[in-house]
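Colleague: One letter stands for each residue in the lines below.
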Amino acid sequence: MNAITIGFIVWPFLTGFLIFILPKIDRYLAIITAITSLAYGLYLFSQPSLSLKLLDNFGVTLLVDELSGYFILTNALVTAAVTLYCWQTDKTAFFYGQLIILHGSLNAAFVCTDFVSLYVALEVSGIAGCLLVAYPRNDRSIWVALRYLFVSNIAMLFYLVGVVLVYQAHHSFSFEGLRGAPPEAIALIFMGLLTKGGVFVSGLWLPMTHSESETPVSAMLSGVVVKAGVFPLVRCALILDEVNPIVRFFGLSTAILGVCYAVFEKDTKRMLAFHTVSQLGFILAAPPVGGFYTLTHGLVKSSLFMLAGALPSRNFKELQSKPIDTSLWVALVVAAFSISGFPLLSGFGAKVLTMKNLLPWQDWAMNLVAVGTAISFAKFIFLPHKTQEEAKPLRVGFWLGVLLLIGGLIVANVVYYEAYNLLNIIKAVAVIGVGWLAYWLIFRRTAIKLPRMFEQFEDLLGVMTLISILLFWVAVSSGWS
Amino acid sequence: MIGLEAFVFAIIVFGFLGTIFKKNLLMKIVSMDVMSTGVIAYYVLVAAREGLFTPIIGNAKNNASYADPVPQSVILTAIVIGLSIQAVMLVGVMKLSKENPTLESSEIEKNNLV
Numbered sequence: 001m002n003a004i005t006i007g008f009i010v011w012p013f014l015t016g017f018l019i020f021i022l023p024k025i026d027r028y029l030a031i032i033t034a035i036t037s038l039a040y041g042l043y044l045f046s047q048p049s050l051s052l053k054l055l056d057n058f059g060v061t062l063l064v065d066e067l068s069g070y071f072i073l074t075n076a077l078v079t080a081a082v083t084l085y086c087w088q089t090d091k092t093a094f095f096y097g098q099l100i101i102l103h104g105s106l107n108a109a110f111v112c113t114d115f116v117s118l119y120v121a122l123e124v125s126g127i128a129g130c131l132l133v134a135y136p137r138n139d140r141s142i143w144v145a146l147r148y149l150f151v152s153n154i155a156m157l158f159y160l161v162g163v164v165l166v167y168q169a170h171h172s173f174s175f176e177g178l179r180g181a182p183p184e185a186i187a188l189i190f191m192g193l194l195t196k197g198g199v200f201v202s203g204l205w206l207p208m209t210h211s212e213s214e215t216p217v218s219a220m221l222s223g224v225v226v227k228a229g230v231f232p233l234v235r236c237a238l239i240l241d242e243v244n245p246i247v248r249f250f251g252l253s254t255a256i257l258g259v260c261y262a263v264f265e266k267d268t269k270r271m272l273a274f275h276t277v278s279q280l281g282f283i284l285a286a287p288p289v290g291g292f293y294t295l296t297h298g299l300v301k302s303s304l305f306m307l308a309g310a311l312p313s314r315n316f317k318e319l320q321s322k323p324i325d326t327s328l329w330v331a332l333v334v335a336a337f338s339i340s341g342f343p344l345l346s347g348f349g350a351k352v353l354t355m356k357n358l359l360p361w362q363d364w365a366m367n368l369v370a371v372g373t374a375i376s377f378a379k380f381i382f383l384p385h386k387t388q389e390e391a392k393p394l395r396v397g398f399w400l401g402v403l404l405l406i407g408g409l410i411v412a413n414v415v416y417y418e419a420y421n422l423l424n425i426i427k428a429v430a431v432i433g434v435g436w437l438a439y440w441l442i443f444r445r446t447a448i449k450l451p452r453m454f455e456q457f458e459d460l461l462g463v464m465t466l467i468s469i470l471l472f473w474v475a476v477s478s479g480w481s
Numbered sequence: 001m002i003g004l005e006a007f008v009f010a011i012i013v014f015g016f017l018g019t020i021f022k023k024n025l026l027m028k029i030v031s032m033d034v035m036s037t038g039v040i041a042y043y044v045l046v047a048a049r050e051g052l053f054t055p056i057i058g059n060a061k062n063n064a065s066y067a068d069p070v071p072q073s074v075i076l077t078a079i080v081i082g083l084s085i086q087a088v089m090l091v092g093v094m095k096l097s098k099e100n101p102t103l104e105s106s107e108i109e110k111n112n113l114v
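Residue numbers (the UniProt record's numbering), protein chains in the order written: chain A, 1 to 481; chain B, 1 to 114.
Incorrect hints may have been included.
Each computed DSSO-like pair below joins lysine-lysine, with the alpha-carbon atoms no more than 30 Å apart [unchecked claim]: (1) Lys110(B) / Lys317(A); (2) Lys22(B) / Lys98(B); (3) Lys449(A) / Lys322(A); (4) Lys110(B) / Lys449(A).
Rather than coming from a laboratory, the hints here were simulated on the basis of the structure.
Owing to the predicted nature of the structure, the values given are computational and were not obtained by experimental measurement.
Work out the full structure: start from the sequences and follow the hints.
Modeller: Given below as structure tokens:
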């Protein structure tokens with residue numbers, strides 16, 4: 001088990017570099033790496049949790065358990081789907097190489113339990129993500145990539161200051177060291193992670209980055225990359241009881257903020273991006289069951305990004321006047337149903353499980369957010385559609401990728417089949433019903449354009465100070481000393 | 001020691017303010033580097049708290065106070081990462097400067113918004 005785990009971490013970096021040397025077999029290496037991670041992720045569910053300490057006292061510490069298993073599974077499935085999606089395109093070996101290095105760094109982030117290994121993994125994922133965003137080499141993509149790298153690097157510098165404060169208190173970099181560290185440390189570290197994970201106001205870099213990237217890159221970023229920032233928060237909340245309320249509080253805040261924007265958004269990809277901000281809240285709001293929610297969200301969001309990329313327009317207004325192909329529409333509806341929490345798809349189980357693990361003060365707000373989700377995805381469900389004979393056929397790779405993700409959504413039902421009782425089903429259908437009603441009565445006609453304040457470059461940096469102050473205040477008020 | 005710590009934090013804060021208030025994208029990146037220099041200095045300062053001698057046997061007399069090697073080795077990784085990020089960003093800026101010769105970030109942002 002030890003050797004397998006270490007091999008699993010090293011393997012993607014090996015194949016990632018191998019792709020540069022053997023560009024002819026780039027796609028095959030990429031898909032093999034994704035399948036290896038998939039096998040390892042499934043293997044974890046049959047094993048007891050394992051914690052490893054490499055080298056000496058100050059060495060790297062790893063912990064693999066079911067939670068990491070869910071995150072690794074998400075990573076593997078999304079990477080496999082993105083590779084299939086790009087199979088017939090003329091993407092160069094550079095693209096696949098970066099994709100696999102990104103995949104590897106995320107895997108590393110999902111197993112480590114000390115702040116320094118996490119720092120390295122997050123920075124590598126930042127650089128690889130930036131290069132993927134900049135892949136088309138036009139001015140806009142370069143600017144979006146630079147902006148992403150700049151914001152994440154500044155956040156990680158603050159994180160580093162927090163890490164050394166933890167070290168000063170305990171002479172150790174492990175997550176447990178957060179206990180007993182000064183409140184400044186938690187403010188700086190969590191600010192870095194919240195920014196990296198795209199949570200709450202500090203995550204407002206996310207909508208532009210995710211919506212302006214190419215389709216496969218958006219799917220990858222929204223599907224797994226942001227989860228690398230969220231995972232350590234969940235892990236800390238599970239290890240340290242004192243952190244738990246802080247993480248839950250930010251989960252609730254980001255869920256509300258994201259869904260408020262998503263409901264009014266008129267652009268498909270921006271709506272999906274804002275919705276990611278909101279769904280991360282569901283993962284953080286109930287840390288003990290965050291893993292399963294991550295899996296379902298990762299699958300559904302990447303398939304939605306791929307499908308949205310195949311639509312003829314990005315504007316909902318235009319799409320309403322131009323029928324889309326029925327096969328596309330069916331896939332869209334399945335994905336939209338899953339994320340709204342409709343029975344038969346695993347989004348239902350994940351939502352029931354999360355709702356069950358909420359604290360009383362979170363309950364009403366998260367139910368409201370669930371209605372908001374149904375409202376925003378009604379925009380996709382009620383798009384006009386017809387069977388088009390002369391429509392240009394989509395690539396086989398595209399359908400393989402989407403089917404892999406949607407198939408995953410159906411299979412993942414087995415994780416929490418206990419969810420299927422009458423009360424839960426009625427509640428889920430009622431939430432969706434209320435959402436659709438609100439959509440038809442109010443939101444279909446509204447033309448409110450929310451301002452893009454706080455999404456400008458300088459504001460993204462300035463907000464970091466505000467978030468650290470808020471975190472410091474939350475930490476002190478929840479009895480941190 | 002307290003004075004030194006204050007200076008180090010001043011570097012971090014000035015660097016951060018530079019990333020916000022400098023208009024030129026190149027200057028923003030330089031400010032980011034100033035900030036990361038501050039962070040590196042802070043690690044060195046934390047390492048030196050217990051002493052300044054290099055932790056090599058035979059290098060100092062008995063009972064000498066050694067510097068803590070762990071933060072230093074950790075920050076070495078961060079220096080390398082900072083360098084590579086800097087390089088990637090500067091290449092990006094070079095590309096952007098063809099269309100936006102003044103490199104004002106607000107102008108670049110305006111040109112590249114939807």
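Colleague: With reference to the structure, classify each hint as holding or not holding.
Modeller: A quick look at each hint next to the structure:
| no. | hint | in the structure |
| --- | --- | --- |
| 1 | Lys110(B) / Lys317(A) | 24 Å, holds |
| 2 | Lys22(B) / Lys98(B) | 20 Å, holds |
| 3 | Lys449(A) / Lys322(A) | 22 Å, holds |
| 4 | Lys110(B) / Lys449(A) | 18 Å, holds |
In terms of the numbered hints stated before, the structure departs from none.
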